[in-house]
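Residue numbers (my numbering), protein chains in the order written: chain A, 75 to 516; chain B, 121 to 447.
Some hints could be false.
[Unchecked claim] Partial chain A-side listing against chain B, Cβ under 7 angstroms, derived: (1) ARG234; (2) SER236; (3) PRO237; (4) LEU238; (5) ARG241; (6) GLY259.
Because the hints were derived from the structure by calculation, they are not lab data.
C-beta: ideal position from N, C-alpha, C; glycine also.
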Amino acid sequence: MATKVVMEALSPTMEEGRLVKWLKNEGDQIKNGETLAEVETDKAIMELVARGEGVLRKRLLNENDAAPVGQLIAVIAAPDENIDALVSGAGDGAAAPAAPTTTSAASTSVPRSPAQAQGEASAPPQEKTASAPPAPPAGRPAAPPAPSAAPSGNGGGRMRSSPLARRMASENGLDLQAVHGSGPGGRIIKRDVEAAVASGAVRQQPAAARLVPAGEDFRDAPLTQIRKTIARRLSESIGPIPTFYLTAEFDMERVAEMRGAMAAMGDEFKVSFNDIVLKAVGTALAQHPEVNAHWLGDKIRYFNRVHLGMAVAIEDGLITPVIFDADQKRMSEISRESRELAKRARERKLKPEEYTGSTFSVSNLGMFGIDQFTAIINPPEVGILAIGALEEKPVVIDGAVATRKRMRVTMSCDHRVVDGALGARFLQTLRRLIENPLMLVY
Amino acid sequence: MSVITYRDALNQALREEMHRDDRVFLMGEEVAVYQGAYKVSKGLLQEFGEMRVVDTPITELGFAGVGVGAAMVGLRPIIEFMTWNFALLAIDQVVNSAAKMLYMSGGQYNIPMVFRGPNGAALQLSAQHSQAWESWLAHIPGLKVVAPGTPYDAKGLLKSAIRDDDPVIVLEGEMLYNTKGEVPENEEVIVPIGKAELKREGEHASIITHGKMVLTALQAADQLGKQGINVDVVDLRTIRPMDIDAITTSVRKTNRAVVLEEGWEFCGVGAQVVDYIQRECFDDLDAPVVRIHQADVPMPYAKNLERAAKPDAAKTVAAVKKVMYLE
Chain A
75 MATKVVMEAL SPTMEEGRLV KWLKNEGDQI KNGETLAEVE TDKAIMELVA
125 RGEGVLRKRL LNENDAAPVG QLIAVIAAPD ENIDALVSGA GDGAAAPAAP
175 TTTSAASTSV PRSPAQAQGE ASAPPQEKTA SAPPAPPAGR PAAPPAPSAA
225 PSGNGGGRMR SSPLARRMAS ENGLDLQAVH GSGPGGRIIK RDVEAAVASG
275 AVRQQPAAAR LVPAGEDFRD APLTQIRKTI ARRLSESIGP IPTFYLTAEF
325 DMERVAEMRG AMAAMGDEFK VSFNDIVLKA VGTALAQHPE VNAHWLGDKI
375 RYFNRVHLGM AVAIEDGLIT PVIFDADQKR MSEISRESRE LAKRARERKL
425 KPEEYTGSTF SVSNLGMFGI DQFTAIINPP EVGILAIGAL EEKPVVIDGA
475 VATRKRMRVT MSCDHRVVDG ALGARFLQTL RRLIENPLML VY
Chain B
121 MSVITYRDAL NQALREEMHR DDRVFLMGEE VAVYQGAYKV SKGLLQEFGE
171 MRVVDTPITE LGFAGVGVGA AMVGLRPIIE FMTWNFALLA IDQVVNSAAK
221 MLYMSGGQYN IPMVFRGPNG AALQLSAQHS QAWESWLAHI PGLKVVAPGT
271 PYDAKGLLKS AIRDDDPVIV LEGEMLYNTK GEVPENEEVI VPIGKAELKR
321 EGEHASIITH GKMVLTALQA ADQLGKQGIN VDVVDLRTIR PMDIDAITTS
371 VRKTNRAVVL EEGWEFCGVG AQVVDYIQRE CFDDLDAPVV RIHQADVPMP
421 YAKNLERAAK PDAAKTVAAV KKVMYLE
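Bound conformation, chain A alone (with noise of 0.2 angstroms):
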């Protein structure tokens, strides 16, 4: 009942993993769903969890070292089991089948864990429901994974799943695709359930609660003739992604009054600039879900949710945590969640799940000082929105100058899904929430 340690997919897109550090020593004692090492990812960095129990016998992967996603780098076993055959098998080929050590499990063990004799590489669970995007293009997670017994004959390539691990799974919010099945060709059971659950990856979702039918998320509208010709047209005239960008000054002495005034109420009630105009956008976009689309090729799918994606820089680039269903949140709940992603995101641990399903973006460089920019659209989405610093001016009112303070923002838009007009409403509609912002609480 050996179970063979594998380097996992912890991203979407990764390919290969790095191993960070080990945090259990060869001759530990490893329980299932137990955390055995650092990996980082192309993205964050992430924790590998044991798939089975037994003895940490070997580790194979040197601190530092890197391996494809799928190759063998520990094995957990009985202190007594001849691990030989495995260990010198290490090296093989990614994601070589783990089929002949799925022995059973020995007539002591205790069945409600009973040791899952499996290491095959299985994607954490992600979010796939309706609203999550399609996953960027390279190296999907290898889903679904290879069968643990040499697949049978009939089901050809079907996933396999008891009655009681599908109900399981849609009561945790688990994706059944990203769960390895240990039973007879490949059938995901119970105890595959309970240690993906108990693996914490489904716990860390943070949209698992609200899991509607994935027909109420979104609606795909066929590409009308009209909206064919503007995409090719205008693809051929810019590059794939055919952007123009919208600019618009907004007075910003009603939001900084009402900053300071909740403030003033005590620390508590503290709410960055930023917390406010992503509340503002939230709210902006629930009155304008055309705006609030992807763009997937043969269609435009617009979303009846509103997940913000969120630009946060990094020491070595930048990451998109996304704060789900902003439309719907509190300013008080989006401030802490931003707060805490971008805590998150800064030291490399955010789940892939918190940063992949953004409907819209919004990048803010306020902060550096920029008057103004523009930003990529992060595709399928169809829009972003750079966000510029807030600074005193001297403007027109009413006929006099005055002293005010402005903010310049800048929407990218895709010109495929999103026309001048359309972008100059939205902004209107934003400017109208954030130059009024007690329309926040409306």
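Given chain A, work out where chain B should sit, using these hints.
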């Protein structure tokens, strides 16, 4: 609480019910002077006399029919078949007269009678005398069928059967007559018809069974327990009407079921149990239900072949491991 044999438990039930109601009488081959082929009726002739403990010729169809007639005019006959293998000769009276009389008389004649005797295989009695008939009998609307596995249930169910106003089939076991169990002395033992009992409580799988196989299931449960596997043993006790709640409650808890019976697989009682499980517990199942039963052959005489053909604890243990994906 005293420990008595299954045989004595049945004897107590007969005696108590004959005392309680003088319309109750016992009739069959060798029940009186010989005191019963398996001594179940020991002492009854002496106690109740030859009007109420009646020896018959070897004419199963005849005395079963006399019993139906007696029931129609208000008596409460108990018909003993020396074994259920011989009851085949009387099947027309059981199926066509006793079971259907209430229906065909438009409710005018209910048939308060009991057909009882040993059912299933003993040891090396060969093909014609080693058969479990419950699926035949339970197939018939109008019959109630009970199959006690312990002395307590034997006493309690036979008493309920005698008091029931419809024909009740009591399936005993030749190999059970000498088994012992606790039966309280100073209180009335009644086991309601249609009520299963959880004979062992566990969490990992459910063994659903009845009659003699309850003992096999408990043996298997003991062996599994030593390996850390704890099973529910659901003793149906009554095959018809079946206690569906007891089955579904257990399977919903454990998510895995093994159905164990003494008879053949095809159209067996287990098939009905599996049907209830798939109807009521589809979303609770983690594995296909496995059935354990006699091999699909006439019972061999040779000792080794007979052993191979019969369901036993080892086969049950293997089935439990299979539904738990441990094999």
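Against the structure, the hints:
For ARG234/A, the suggested interface contact is broken, since its CB lies about 12 angstroms from the closest CB of chain B, more than 7 angstroms. Of the supplied interface hints, the one on SER236/A holds, with its beta-carbon coming within about 5 angstroms of a beta-carbon of chain B, less than 7 angstroms. Evaluation of the PRO237/A hint against chain B yields a held restraint, the C-beta minimum of about 5 angstroms falling below 7 angstroms. Because the beta carbon of LEU238/A sits about 4 angstroms from the nearest beta carbon in chain B, less than 7 angstroms, this interface hint is met.
A distance limit of 7 angstroms between C-beta atoms decides the matter here; for ARG241/A the minimum to chain B is near 5 angstroms, and the interface restraint holds. With its C-beta approaching chain B no nearer than about 11 angstroms, GLY259/A sits outside the 7 angstroms limit, and its interface hint is violated.
Hint compliance for this structure: hints 1 and 6 are not met, and every other hint is.
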